[in-house]
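Undergrad: The residues making up each chain are set out below.
Protein chains: 2
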Amino acid sequence: MSTPDPLPTWNDGTTKRAILTFVESVTTKGASFVPAAERIATFDNDGTLWCEKPMYVQADFILHKWGAMAKQDPKLAQHQPYKAVAEGDAKWLGSITSHVPELVKGVSEAFGGITVDAFDQEVGDFFASAKHPTLGVPYTDVAYRPMLELIEFLEANEFRVFICSAGGRDFMRVVCEEVYGLPRERVIGTGAPVELKDGKLMRTAGVEHPIDDGPGKPVHIWQRTGRRPLLAGGNADGDIQMLSEAKFSLLVHHDDAKREFAYDVGAEQALAAAKAGGWTVASIADDFATVF
Amino acid sequence: MSTPDPLPTWNDGTTKRAILTFVESVTTKGASFVPAAERIATFDNDGTLWCEKPMYVQADFILHKWGAMAKQDPKLAQHQPYKAVAEGDAKWLGSITSHVPELVKGVSEAFGGITVDAFDQEVGDFFASAKHPTLGVPYTDVAYRPMLELIEFLEANEFRVFICSAGGRDFMRVVCEEVYGLPRERVIGTGAPVELKDGKLMRTAGVEHPIDDGPGKPVHIWQRTGRRPLLAGGNADGDIQMLSEAKFSLLVHHDDAKREFAYDVGAEQALAAAKAGGWTVASIADDFATVF
Chain R
19 MSTPDPLPTW NDGTTKRAIL TFVESVTTKG ASFVPAAERI ATFDNDGTLW CEKPMYVQAD
79 FILHKWGAMA KQDPKLAQHQ PYKAVAEGDA KWLGSITSHV PELVKGVSEA FGGITVDAFD
139 QEVGDFFASA KHPTLGVPYT DVAYRPMLEL IEFLEANEFR VFICSAGGRD FMRVVCEEVY
199 GLPRERVIGT GAPVELKDGK LMRTAGVEHP IDDGPGKPVH IWQRTGRRPL LAGGNADGDI
259 QMLSEAKFSL LVHHDDAKRE FAYDVGAEQA LAAAKAGGWT VASIADDFAT VF
Chain W
19 MSTPDPLPTW NDGTTKRAIL TFVESVTTKG ASFVPAAERI ATFDNDGTLW CEKPMYVQAD
79 FILHKWGAMA KQDPKLAQHQ PYKAVAEGDA KWLGSITSHV PELVKGVSEA FGGITVDAFD
139 QEVGDFFASA KHPTLGVPYT DVAYRPMLEL IEFLEANEFR VFICSAGGRD FMRVVCEEVY
199 GLPRERVIGT GAPVELKDGK LMRTAGVEHP IDDGPGKPVH IWQRTGRRPL LAGGNADGDI
259 QMLSEAKFSL LVHHDDAKRE FAYDVGAEQA LAAAKAGGWT VASIADDFAT VF
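So the protein sequences, as listed, match chains R and W.
With the working numbering as the guide, the letters of the first sequence map in order to residues 19 to 310.
With the working numbering as the guide, the letters of the second sequence map in order to residues 19 to 310.
Bear in mind the hints are in silico, worked out from the structure with no lab data behind them.
Be aware that a few hints might be false.
Put simply, identical chains are the same to the list, so a pair is met inside one copy or across any two.
Below, computed lysine-lysine pairings styled on DSSO-like, alpha-carbon distance capped at 27 Å [as the list claims (entries may be wrong)]:
{"hint": "1", "residue 1": "Lys101", "residue 2": "Lys89"}
{"hint": "2", "residue 1": "Lys83", "residue 2": "Lys93"}
{"hint": "3", "residue 1": "Lys293", "residue 2": "Lys215"}
{"hint": "4", "residue 1": "Lys293", "residue 2": "Lys218"}
{"hint": "5", "residue 1": "Lys71", "residue 2": "Lys149"}
{"hint": "6", "residue 1": "Lys265", "residue 2": "Lys215"}
Between the sequences and the hints, there should be enough to build the whole structure, so can you do that?
TA: Set out below in structure tokens:
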């Protein structure tokens, strides 16, 4: 090719070619052309755009918070979840990361009754100091380079890319510009209820329903964009409904224990749906020339 | 000036100059510069971007719908609101347009249990046939030309313009591209609950809370953009909280009975707040060189 490769960190192969062919088909005049206004791309975040192992980034954030709260008020350490954090109860902590709704609820409760700005500040402080436990880098550096390239490529082709995360919307928004080059309004995610109280925007306890997972993803995407995704990317069972709505569905497969993590747990049904539906599977081992 | 006037349908005066000065101040390097990512502009729709008299466009839509339903099932005409429509009860109909929540609820009930696509189609059919009762043009032609220019001017200066309407989000989205040149995801508004049922996105009865009016506007804007508006425009009391959140607040004043409609009812507190808060008031009579 004479034009520069828009996806240099993707290895040549059927996956890369499928992406390039699809984007060309919807941006070139002809039967499959899609007007720019309808070019909505949605990506799950954890495990799709950045590393979700050994635990969700947001889980580490809430553990930090619970630990700090237990330190400040030792009585708290007699109860869960503060107890587990204070005692380093790996079994209890290991089980929580697989329960997104409870996790989101826990975050929301820990941060209910504070202003949206105070929450922003706490999240910013976390990202400024915390590091990924095995990669040893700030969490802002654990996004997959090939996926960053894909976002940039789609935006250059007049797609608007949205991050459609089961995790907390207001959590991701603090770093979405720095990590993904996307403005805050492009983050769709599970929300905390917010109210205007004495002229201040306050977070209240609880979570907004539906949460942005499973059947909630197409609902959130419709509510936020008024459209179905033209292209969607995910990596887990909670992404199936979103991927089913898209014209082009990309499933990231975690099969690279050496450079990232290898696991199918929580993605078994998604992998089966990919096979049945003819979705494009991005193997981290085979398709990513570079991971981070 | 040597550069072309970006707002030719605004008369020269303090209002136009205030807008130009503000936009220049936030886009020029210096103490008041605001990064592009933070340039969010939000506008109320009815009475701010397009004509809301003698009744909300969406009110006319629902009256059309109720009328069609009553025709199809004469038993319905024994009950309100179908009775009022069937009988042309001006008093009942006149009172409904001042009750946004009931109106939105009425729309939602009339269209609950149908797919989002079927609703889209019904709205599209309405806009294709209905005309403004006094202006005699399609409703897609009742936007204020100076406000269209302002939207274009802001977008050219890397603002993202959002329509923050108390009215139905999914209603406005059908024509936002044609009328305002804005993609669907730029419409914030009162939503109908949506659920994924057997793989279909269905509208359900009721409205999402809070509705996008009064204190709900800053909440919706935060939920949708993660920011407060840098510039906001409104025209009525339900816009006060949104206008209070913005750095630059523009209040459209309906004082032109000749070219549009003259009324302060429902805007009394907003006009007082504008005076107290030093907001910029756009007089349709004085500041708009052209209205439509």
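Undergrad: It remains to establish, for every hint, whether it holds in the given structure.
TA: Tested hints:
1. In this assembly of identical chains, Lys101 and Lys89 lie within 27 Å of each other by CA distance solely inside one copy; the values are 11 Å within and 65 Å between copies.
2. Taking the shortest alpha-carbon separations for Lys83 and Lys93, only the intra-copy value of 15 Å comes in at or below 27 Å, while the best inter-copy value is 60 Å.
3. Taking the closest pair of Cα atoms, Lys293 and Lys215 come within 27 Å of each other only across two copies (23 Å); inside a single copy the shortest separation is 50 Å, beyond that limit.
4. Proximity of Lys293 and Lys218 under a CA criterion of 27 Å is satisfied inter-copy only: 22 Å between copies versus 49 Å inside one chain copy.
5. In this homomeric assembly, Lys71 and Lys149 come within 27 Å of each other (Cα to Cα) only inside a single copy, at 13 Å, whereas the closest approach across copies is 57 Å.
6. With identical chains, the CA atoms of Lys265 and Lys215 are at most 27 Å apart between copies only, with a shortest distance of 19 Å across copies and 42 Å within one.
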